Amino acid sequence: MEALKQTRHIGFWTGIVFFALMAVLAIALESSSGGNTWLRTLNNIGIFTALALSLNIILGQTGLFNMGHIAFFALGAYVTAVLNSVLGWPIIYTLPFAACITALFAFVVALPVIHLRGDYLLVVTIGISEILRIAFVNDIFGLTQGPNGITGIQRIELFGYRFMSQFAQFYLIWGFVAITACLFYFLEHSRFGRALNYIKYDEVAASGNGVNIVRYKLIAFALGAFWAGMVGTIYAPFIRTISPGLFEFKESVLLFAIVILAGGGNIVGIVLASFLLVGMRDVLTMFGDWSMLLFGLMMVVIMIIRPQGIMKPRRRQYNAGHLVGKFPSGIGKKAGLSAGNQAEVVE
Amino acid sequence: MIKKTMLALATGVSLAFAFPAFAQDVRIGLMAGLTGPYASEGQDTKRIIELMIEDLNAKGGINGNKVQLVIEDDGSSPGTAATAATRLASTKVPAVIGTYGSAVTEASQDIFDEAGIVQIGTGSTSIRLTEKGYERFFRTAPRDDEQGRVAEESLNKLGFKTVAILHDSTAYAKGLADELKAQIDKNGRVNTVFFDALVPGESDYSVVLTKLKSANPDAIFFTGYYPEVGLLLRQKKEIGLDAPIIGGDASNHVDLIKIAGKDAAKGYRFISPPLPTDLDTPVTKEFLASYKAKYGTYPGSIWSVASGDAFIALVEAIKAKGADSEAIADYLHNDLKDVQGLSGKISFNEKGDRVGDLYRLYEVDGDGNFVLQPE
Amino acid sequence: MDIFITQLSNGLAIGSIYALVALGYTMVYGILRLINFAHGDLFTIGAYFGLTILVSFALQGNVSPLIIPWILIIMAAIGVAIIGFLLERVAYRPLRNANRLAAVVSAFGASIFFANALKLIYSPNRQSYPADIINLPNIPIFGVDIQSKRLIMFGTAVLLMALLYWYINHTRTGTAIRAVAIDQGAAKLMGINVNKIISLVFIIGPALGGAAGVLMGLFYGQIHPEMGFSFGLKAFVAAIIGGIGNIPGAMLGGLLLGVVEAIAGGYVSGSWKDAIAFGALIVILIFRPTGILGERVADKI
Amino acid sequence: MSLLSLQNVIKKFGGLTAVNDVSFTVDEQSVVGLIGPNGAGKTTVFNLITGNYAPLSGTVTFRGQVINGQKPYKIVQQGIARTFQNIRLFQQMSLLENVLAGRHCRMHAGLFASMFCLPWQQREEKSAVERAMQELAFVGLDAGYDNEAGNLSYGNQRLLEIARALATDPKLIILDEPAGGMNDQETAALTELIAAIQKRGITVLLIEHDMNLVMNICQKLVVLEYGAKIAEGTPEEIKSNPKVIEAYLGTSDDE
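So the sequences go chain by chain: A, B, C and D.
Residues 1 to 347 in the working numbering are what the first sequence lists, from first letter to last.
Residues 1001 to 1375 in the working numbering are what the second sequence lists, from first letter to last.
Residues 2001 to 2301 in the working numbering are what the third sequence lists, from first letter to last.
Residues 3001 to 3255 in the working numbering are what the fourth sequence lists, from first letter to last.
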């Protein structure tokens, strides 16, 4: 765990405790009589958490307004569905294809529009996801079976074990979320992650310091799509029948809201926001006709209460304290510029 | 130590989530679109089933056991339906009635199948629902290929030589459009001069109507749902397109007249299973009377009535074999023969499809009534 | 050729509605840099207000059919303006200084709220305006019979746009609106009451949206609680195509989008119509990154 | 041989000629000042060198290579670093991370190495942090390395930008009004810092309005007016150049 020595990783350990607690919760739910419904809700949350984490790379970390992320998810799910139900591949073999095709798609469509500013990129990504959805509806290349969608998708099988019950899939989905969170956490704490943030805060300064903006933006897009594609692979056997109706624009909005609500790309915030929004949407159905009205109201209220998001953007912590005062200064003591202001800086 | 804590946690949580259970009651699931675009269908369905259960329980239930209904809202959308189905599955009901909309039904099929629950679809006519080999899926609605066959038959009988086929890209309408086209191509009695879709939920269909005008067909067959039909009829009149529109069974809804206006709706024809009010068996008449007495109106369409058929079939099966999914499925496949339902006699074939000839031709008169045409 | 002109008129008519809704988007965006996704639902509310007024005051038959539209438009516009004003106060003003996207999420929340409130009040079923309120003859243009309602819609949209354009560019308040759009801080220093100006924009924009809603109901007939979502999205696309923040741009974008849809639906395929419209948007943005009439903003380095 | 040379560089914005046929050279290890009235096109010249703009015609040569038309990130890699007139720090990030931005172009860890924490990536990260701390110490800001850059005083923000630029291992550092907004004491310290930079073997090109500072530290001055070069020479030559005096003071009959 060399990685843990470089920097102070409080968030990392929070994550481990969180996922351990989740595992216990699942066992508890499995052994209770109505627990299956709750497991399904948790699994839904898990899917959205993984998706939101992938969108976070694009929107939260790089600051690219992508409001069509559901398209990548849809494409991954469709690739898996076609390979599995038409060609009969086991689900697990479709994973790399779903991920790579989705990443390639994202790369190709992002290439001509990556230079667009904020809101213009936002509307273009909406357009891309709608075009893709319409293509699915219209049975493009005769592969997607139109509005009916693709049915009869098998369950995931790993080492001879079939993930059928909600309980089994819980571990699959949340295991994936845990791995995702961990890898993205490392990524965030690296040259790569910092470069994405530089672009988010100031493109001109980032490029003036040697960051190849177009390249990083495209990689961010492709990486987010790659991951969303993998989540699609997990989702298709989870829901068994996929159709274009599952991937409407509203789902993109929900994802977007999760990332914004999380606050500045914070991973812990993403998990909390997923629980809050997706969980709330599921739980509120008990209010029947009033459920969506309440959901909309809650969205407004939550944003007003926490306009900066649930969590603050957490600054990376570096283990550099021991280096203070070790290196020479180019400014003599008599000048006093640094000395005088140092006090103010340190407070 | 850790094991102990986990156990304690598990027990605590499981207590919190436990449902109260009444062992002697027979529980039946209902999945219906109580919200969303097909909400009026879903609400009717819920009323019908609730009324029938009330009746049944007043008469002593099934073999002395009261029937209890577990309702989940599928929101008229596939995504919500999958969640609703899982909820129902986790309540361990032996059988579920529902739902309206083929795509919505399809999203729930796998989940019920995996849980071993018997499902009886009501307003789901898409062919492939019963082509997947699920042993516990049934439906009281007819299939689209049957409807396609009757549609081609009717077009021919009405003397149309060229027809434009229009659908709305939904699972059901696209399926029926494809089926109709296949029938037309097979028989060669009518020509298809136009085949395209509109986007449902829009307010302006003048573009597609103009396009239809230029295709100049004898008749337009629209396979979509009643709100679009209403609007098409209304705007067709404004644009001066004379070819009549003929519709499929999804246009069988009284709201059609409200949207189109009586003038524009006059002369509109559609094929459909008989309307609730055209059902003339004593069982049905009695039921409709009590429905009217309770809710002040008749059910809006045949599809909610078809859910009543599903309920009747289920009750028969449970009466004979008990509330066990496997036994119910077996009974429905093999032993249920010509039981008197609300919309006619009920039997199922080996695929789970309803046996029998249901479709009729209807025409709207000047007062906005749906009039059954003589065969 | 006849068919082409008819399709063009179809496109311009629906495009006029897009344009009116887009005006509201563009004004709010110009002043707050906020994409007010609830704007489409304000449009829907306008349509429902119109219907309610029509039915509850039993206008039909008692008032001349030539006056009815104006009564409905004005009353619905006032009603929606009040809601727009409240919307800004409740859902956006507390987020004025927060992350721009927080307000966008809040707007989505408001949008969901409005659509579902309408469902609860009016039922989720579709409603229709009576079919026979206004019966006007068709008017021949270039030898093609054009429905006069198309001309009325187009004319109303152009008129409202022109009025708005004049108001923004030739009145004191209009100048203040432009000033706030350019620099809120400086405008404040010049003694402009920024809050008041923003409230005003949230009155004008929704009023136009409400008017568009009534036109929609009157001339196309059917309304339903969720139509604002797709209409709003289309109108937003229209505003972007034209160059968001630019008033003639919104008009141009709306009409262009309507025509592109009509041509795509009429000559390619109804099922690909929306995909083609979005495709056109993307192509336009690739070549004009800030829309057709949008200003190119260079980064000051 | 000169480190950097501009030959007949022209840049237009619409109808406006911002830089009109400018040529000058910067010798290795020297400090060169670019001066002129506001709006003379000084910053535009900088942007042409750093690749933010591409010249309409003319060439920019750095270490014998033509660099105009290249993207800024490539030019940084070749050894030209800059600061900005209107400070462009990553306000929400820490001082250390700002300086690490400068290290970016000298590091190699990509997506995979970063995601899977490969050992060499960890070593690279560690040495980058050390080097960044070294630059922070060089401008005297190392003690507050973990603070948010946006909270620094104006003068210190300028110093942080210099540290960030130095972290890119530049051969040439371009400073755009480094003393802007500084008080006398701070300016004195800056003068010292620029001398120290020069001592490290790094060439300095700067825009500055503070004539004391410019005359003190520059070996050569280039004067621009209305986008064109009007003079070039040592501080003494420039001081006495009538054209320069006119440009700065205006002709006597011009109110």
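No wet-lab data here; the hints were simulated from the structure.
Predicted model only: the values in this text are computed from it and were never measured.
Watch out, some of these pointers could steer you wrong.
Only pairs whose alpha carbons sit at most 27 angstroms apart, straight line, appear in this in silico BS3-like list of lysine-lysine [as the list claims (entries may be wrong)]: (1) B:1046 with B:1321; (2) B:1266 with C:2149; (3) D:3171 with D:3126; (4) B:1262 with C:2188.
Derived list of chain B stretches under chain C, where covered just means 3 residues or more per stretch with a C-beta under 8 angstroms from a C-beta of chain C [to be verified]: (5) 1201–1214; (6) 1238–1252; (7) 1259–1265.
Quick reminder that beta carbons are idealized off the backbone N, C-alpha and C, glycines included.
When the structure is checked against the list of hints, which entries are broken? Sort them ascending. 4
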